[in-house]
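Since the structure of chain A is already known, use the hints to place chain B with the ligands on it.
These protein sequence lines map, in sequence, to chains A and B.
Residue 405 in my numbering sits at position 399 of the first sequence; the count goes up by one each step and never skips.
Residue 164 in my numbering sits at position 69 of the second sequence; the count goes up by one each step and never skips.
In short, the hints are calculated from the structure, not lab data.
Just so it is clear, the structure is predicted and the values come from calculations on it, not from any experiment.
Just so you know, even glycine gets a beta-carbon here, dropped at the ideal spot from N, CA and C.
One thing to keep in mind: the hints can contain errors.
[To be verified] Partner residues aside, some chain B positions facing chain A, computed with beta carbon under 7 Å:
1. Phe192
2. Leu319
3. Gly322
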Amino acid sequence: MTGAADNTQDSYPQATEQHEHHAPTGFKRWFFSTNHKDIGTLYLGFSLLMFLIGGAMAMLIRAELFQPGLQLMEPHFYNQMVTVHGLIMVFGAVMPAFVGLANWMIPLMIGAPDMALPRMNNWSFWILPFAFAMLLGSLFMEGGGPAFGWTFYAPLSTTYSNDNTAMFVFAVHIMGISSIMGAINVIVTIVNLRAPGMTWMKTPMFVWTWLITAFLLIAVMPVLAGAVTMVLTDKYFGTDFFNAVGGGDPVMFQHIFWFFGHPEVYIMILPAFGIISTIVPTFSRKKLFGYHSMVYATGSIAILSFVVWMHHMFTTGMPLAAELFFMYSTMLISVPTGVKIFNWVATMWRGAISFEVPMLFAIAFIVLFTIGGFSGLMLAITPADFQYHDTYFVVAHFHYVLVTGAVFSIMAGVYYWLPKWSGHMFDIRLAKTHFWLSLISVNILFFPMHFVGLAGMPRRIPDYALQFADFNAIISIGGFAFGLSQLLFVWVVLKCVRGGEKVPANVWQAAEGLEWDVPSPAPHHTFATPPVIK
Amino acid sequence: MKSAAATRYDKYYVPTQSHWPIVGAVALFCIASGAGLTVMQIGKQGTSGSYLLMTGFAVLFFMLFGWIKNVVHESMSGLYSSQMDFSFRQSMWWFIFSEVMFFLVFFGVLFYARMFSVPWLGGEGNNAMTNELLWPEFQSVWPLTTTPSGETTQAMGWFGLPLLNTFILLTSSVTVHFAHHALLAGKRTQLKAFMIISVLLGFAFLYFQVTEYIHAYHELGLTLASGIYGNVFYLLTGFHGMHVTLGAILLLIVTLRIFKGHFNKDNHFAFEAATWYWHFVDIVWLCLFFFVYVL
Ligand code: HEM
Ligand SMILES: [Cu+2]
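Next comes chain A alone, as it looks inside the complex (with noise of 0.2 Å):
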């Protein structure tokens, strides 16, 4: 949808002028770095370690729930590592990917020389090594870490948490101000950076997701900042904000923290959407359907994202006109959303679909997450959700939005770039077996949840009743043989990085966007001056 440009490879002088300076290289390169590819490269980097990390958590919790009873670990233990899994997959994994994905091709779909700010987005990166150092640092001092559920819910994470919660506390804070500070780059860059000619409705449509979701940070990382802060009174000064008897009250806790909670989630689904509209086109070999229904839908997911997060509250005892009203509006966002599914399969309706690897991705994605926003939407019915509350049907419905969702679009846009990024074009064997493997495992590890959690089995607890036990065996093996499927992605991608088969510009053919005019691998610096769009 960018409107073609009107310089092509062959007519794209910047490209070796440009490489005339020479790129720095080494520590200075990656620690001083402006570059919004370096930096984008950075996050994605970071990302795919906290990915690995929050995954050998993952594998430790499937392992001790392989059979009912107690195996390996004291539950405070299995406490720890649900909480900081979940802390490290959101904020650690799936948030700095699609940063990194900004980064690196934000500035190419709009012709711009680099992100607006270039200095404050390698201080946002930078923010975040140390925030998880932290974060991870805890878990080996006395006492250990957060154990609380990445939702610390008051009274777990103010009365009976362990004393080292301050240093999640702080680390959540300078998480906060390293995406707000992204946020805000992301945002400048594309209102005040679009190449001339680009007029919003030619703005390809992973921008528009992006400066949505980059609004909502804004919007929503201060709040999870306040809710942090006062946990941290709460527990270290007397303050009685979550206790009842200085007249506080700990439901209000959940307030704050789903007020951010809910959009949160929209932060980690709205670039997975923007990411599915470009490769989808490029595949099926159409222009997108329905641009314009596209950017109004995301932008009423985001505003009815802020009046939906009671639903995560619908069983605290709250009076029935809330909880009818938080009913619907949470049904009303599956509007937009099924707009947005059907807009893709219309799109490759009557294409000339081609299977290549990220299109398998995305292919995976509508299936599967709409899998997952139909178990939302059975969340969403009040009287049912009094059952299905804190089951498995929950962690089976959020994973099927955040892993086949986020993180499968996050790996097709990774196959979709990586040619231009390096230059070469990846293993497609090895890309297609990663394919195969995940899609297969990720269902048998998650599709089960619904299951046992229709049954009644509880979240967040290392033991079960003996009935579950046949579905958790299944479960335990889809999760190892998922996690040991992400270690030949590592491969794929590392070995695509050192060498392969060359590719042209247009490494898709029918891609289109002024990211595909550059050369691959994109040079150091583009777009110098900007490319006029007509």
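Using the frame of chain A, we list chain B with the ligands on its own:
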């Protein structure tokens, strides 16, 4: 149209490598882990946390000084186009927006406490049994001077220091505004005078705020731990005070730069950013004065 576009898009300045961001990341790491350790060491052995915290702030100020120096230098040597200027401005708006959201959380807490949690504990709505079973003596009033567990305190009135502080901050917002006009009109002496007055008013506000805290702690028995009223009072006024401090420092830096001859009527982003921040702090105070003190 074409020529306008040509100048707007002419050349966007992309700075070369810089070591300040990583220094800033290290600073934030020292501050965060230092603050964490400090809090964990309250009432225990050990002061390693506060040393780390202080080191962190030192590194942060060192970084800010160096970074801002670079930016000022680039700005003075004319590297920034109007497009770049717009990037800076926009970032500042969004930064202020994030701050607004931060304060909204604590105002939200205030409303929740007043409208829901305290009345419920007092038995309002269908909560008669809550009151009966938990704290039958408890009565729902605002300001909450007696907590459910029976701790008592006194409320902070709005007359006196808070009212004085409101006048001080409002006046400073006006003087900052006059300073902006003086800058646009090229009247440097007026500009300097108004800036100095604004900075002084800012620090006067802080002085009275501290006086008020001392009064609250020593005479009213209103502390951070005096139940939800004290909690909200100190978190809101405390965070606001921290923002006033930051804003006053920004104004001070800008004033010093004015004395060095920086800024003119076309090029004064830093000046404007500091004044926007100041107006924001002022508006937060007005809400605070109204909702925390008066109502
Ligand atoms: C059709 C759209 C969706 C609907 C109707 C929906 C509905 C819900 C509901 C009602 C719950 C609460 C269940 C409970 O705790 O009893 C829930 C939980 C959750 N949802 Fe969704 N959801 C949707 C999409 C998404 C998306 C796109 C994501 C993320 C990418 C997501 C992530 C989550 C997470 C992480 C939780 C669990 C949080 C926790 O308790 O730890 N959902 N969803
Ligand atoms: Cu939700």
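Status of each hint after checking the structure:
Because the closest C-beta pair between B/Phe192 and chain A is about 6 Å apart, less than 7 Å, the hint holds. Proximity of B/Leu319 to chain A holds as hinted, the smallest CB-CB distance being about 6 Å (cut-off 7 Å). The interface hint given for B/Gly322 holds, since its Cβ lies 4 Å from the closest Cβ of chain A, which is under the 7 Å cut-off.
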